[in-house]
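There are 2 protein chains.
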Amino acid sequence: MTAQPDQTGARPGQIIISVDAMGGDEGPSVVVAGIAESAKKNPEIGFILHGPEEQLRKLVAKRRVLDGRVAFRDCPDVVTMEDKPSQVVRNGKNTSMWSALESVRQGEAHGAVSCGNTGALMALSMMRLRKLPGVNRPAIAILWPSLNPQGFNVMLDVGADVRADAKDLLQYALMGASYARNGLGLARPRIGLLNVGTEEHKGRAELKEAHGMIAAFADQANFEFVGFVEGSDIPGTSVDVIVTDGFTGNVAIKTGEGTANMFSDLLREAFQYSPLSRLASILAITSLRRLKNRVDPRHVNGGVFLGLNGTVVKSHGSADATGVSAAVRLAFTLAKSGFAEKLAARVASTAELDQDDAQAASQAER
Amino acid sequence: MTAQPDQTGARPGQIIISVDAMGGDEGPSVVVAGIAESAKKNPEIGFILHGPEEQLRKLVAKRRVLDGRVAFRDCPDVVTMEDKPSQVVRNGKNTSMWSALESVRQGEAHGAVSCGNTGALMALSMMRLRKLPGVNRPAIAILWPSLNPQGFNVMLDVGADVRADAKDLLQYALMGASYARNGLGLARPRIGLLNVGTEEHKGRAELKEAHGMIAAFADQANFEFVGFVEGSDIPGTSVDVIVTDGFTGNVAIKTGEGTANMFSDLLREAFQYSPLSRLASILAITSLRRLKNRVDPRHVNGGVFLGLNGTVVKSHGSADATGVSAAVRLAFTLAKSGFAEKLAARVASTAELDQDDAQAASQAER
Chain C
0 MTAQPDQTGA RPGQIIISVD AMGGDEGPSV VVAGIAESAK KNPEIGFILH
50 GPEEQLRKLV AKRRVLDGRV AFRDCPDVVT MEDKPSQVVR NGKNTSMWSA
100 LESVRQGEAH GAVSCGNTGA LMALSMMRLR KLPGVNRPAI AILWPSLNPQ
150 GFNVMLDVGA DVRADAKDLL QYALMGASYA RNGLGLARPR IGLLNVGTEE
200 HKGRAELKEA HGMIAAFADQ ANFEFVGFVE GSDIPGTSVD VIVTDGFTGN
250 VAIKTGEGTA NMFSDLLREA FQYSPLSRLA SILAITSLRR LKNRVDPRHV
300 NGGVFLGLNG TVVKSHGSAD ATGVSAAVRL AFTLAKSGFA EKLAARVAST
350 AELDQDDAQA ASQAER
Chain U
0 MTAQPDQTGA RPGQIIISVD AMGGDEGPSV VVAGIAESAK KNPEIGFILH
50 GPEEQLRKLV AKRRVLDGRV AFRDCPDVVT MEDKPSQVVR NGKNTSMWSA
100 LESVRQGEAH GAVSCGNTGA LMALSMMRLR KLPGVNRPAI AILWPSLNPQ
150 GFNVMLDVGA DVRADAKDLL QYALMGASYA RNGLGLARPR IGLLNVGTEE
200 HKGRAELKEA HGMIAAFADQ ANFEFVGFVE GSDIPGTSVD VIVTDGFTGN
250 VAIKTGEGTA NMFSDLLREA FQYSPLSRLA SILAITSLRR LKNRVDPRHV
300 NGGVFLGLNG TVVKSHGSAD ATGVSAAVRL AFTLAKSGFA EKLAARVAST
350 AELDQDDAQA ASQAER
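In the order they appear, the protein sequences are chains C and U. Oh and the first sequence: position 210 is 209 in numbering that gives the first Met the number 0, straight run, nothing missing. Oh and the second sequence: position 112 is 111 in numbering that gives the first Met the number 0, straight run, nothing missing.
Quick caveat, the hints were computed from the structure, so don't treat them as lab data. Don't take every hint at face value.
Same chains, same names: a pair is fine if it fits in one copy or spans any two.
DSS-like cross-link-like pairs, simulated, lysine-lysine; straight-line CA separation at most 27 Å [said to hold, decoys possible]:
no.	residue 1	residue 2
1	Lys291	Lys166
2	Lys291	Lys341
3	Lys130	Lys61
4	Lys83	Lys207
5	Lys166	Lys201
6	Lys130	Lys201
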């Protein structure tokens, strides 16, 4: 992407990320701390910050690294976690979330990041950015810690829509493959369709139908289709991208989070049990910290909305500065790779399921 | 239960468990080792063992604790993990699995245990034992390690059927409550309905409908309904019984298993990283072993089939002797508590949703 929105005074080559400063559990100071972290690590990045300007200017003024790299858009209103998406769509015009998306829509930013209400953010994104041609249901994709060399697997949809038919699942496969290529640098990602068994006769009718459709697209869309996978494969090494409907995907990631939390709690208990085990925990502290970093959800914070005209990253509502910074980095990486344009071309290919192979081949690199 | 099937030479008061010796990944020697472990711990238990009699007699003869406590039913055939349920139902008459269920059907055993093919076991169980009056879809319930005082939560359905409508979910709630009372000793279990959010407007239509139906039954069926819960609550403390359809439940438990395995692998790696961390792992070995035992799936091995005329426990296909023994203990506990009869009375109450309160009150203890 080469657009350089001049309203922000962006330097040539700079990537501008539009950031909703409000709506997270921790308030705008954590968001500003997060973008400061990103700014320190990454000289190519600039920001448009949305929220009550006076308050935000004060927070930004404290961070020298942000000097001259932040533009402001004053918005009086905030979308809360309790607001219903339908209300926000009707009455949310003066919210920081609306404004953050508007910067992407107007082309003055290359991507948006928000810690706010997921349902409202998806509803607003669909209304303001519009779905890509050929996309029926957009999806939310997340990165999940795995034993694969890249350290993460992609899973989608994890909650944009509780339903998905066979064609939706095919589009998730294409979007997920594109995301794995551009976000994780995997040339030919392995795609799996989540089911209750790996045998082809198992599962719901729409899954069997999707199985055939995804298999038929594997060559021209340059991914490997491994067929049905199970829940145990989500953090495993047999697959890079896990495709499922938003209901199942949401339950799966929350179950994984809950299990990891239980494990951490019990591990902490185990180390506090006796003087010997307390000593052990001191000796092993660096190794344990390394383990913690490896599975720390803050480092892979950010669900990406796929299937829209523009890149939107949903950061966890309770993200701290490290989490916000990870979400910003993700938006930056995707913007820099021209992901949005590649994805648009990719899904357009499903609009005509019987397109010719020459055209497909030209898209195989996306 | 007081039936004392004399074919097995059972002593008065003895509980007889019918065990399918074949079909597990580890073969009959592990199954015999497992029942020997159970026999050692529990003088009240006797067995009927199904499979090739000559082979089984040799294995049993090596275990003195099994002397006089095992009857045999010779069966030449075995259900493999690859067999389709529909084939087994048609042609499985000479299999050890069929025979193991037959002992329950004939009343010569108080419950059955099998390590074999889950789909085939469920299909055979439905055909031979029949569904309880009022039950549309039977369910498989498992115990899941949790941070609750009882150490486990109940989840159902985890794979008997990929579909479930609102009335099925209500029956799962009633069956799960009854199981938690009889299997975990919880007088008034807390029931939650798995969804993608805890707000009442979220999720699929059948979930909203089930929410109302389960809430309406909470008082008369003597459970507390906590409403919608999320995947993160499955191993948590906010709920004792998690109700969901078999597709979602199956994905959830496998995701939890996969996450726990990843965590174990990474923990092992962390402890091997440096001389210091290796020393630490030695110092902490008892504490870590305690943690491992706490979450060891072998100790809670056994999915219980609910909604049938008789108790069937599905042990994990790859269970070792400890796993088989845990499944046998579960079948024993449920048989001893008269669970099958209590459950039958409980679900019968849903056949007439508008039954009178007096009748309901008399069933509140089940």
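Output the numbers, in ascending order, of every earlier hint that fails for this structure.
Violated hints (numbers, rising): 1, 2, 3; every other hint is consistent with the structure.
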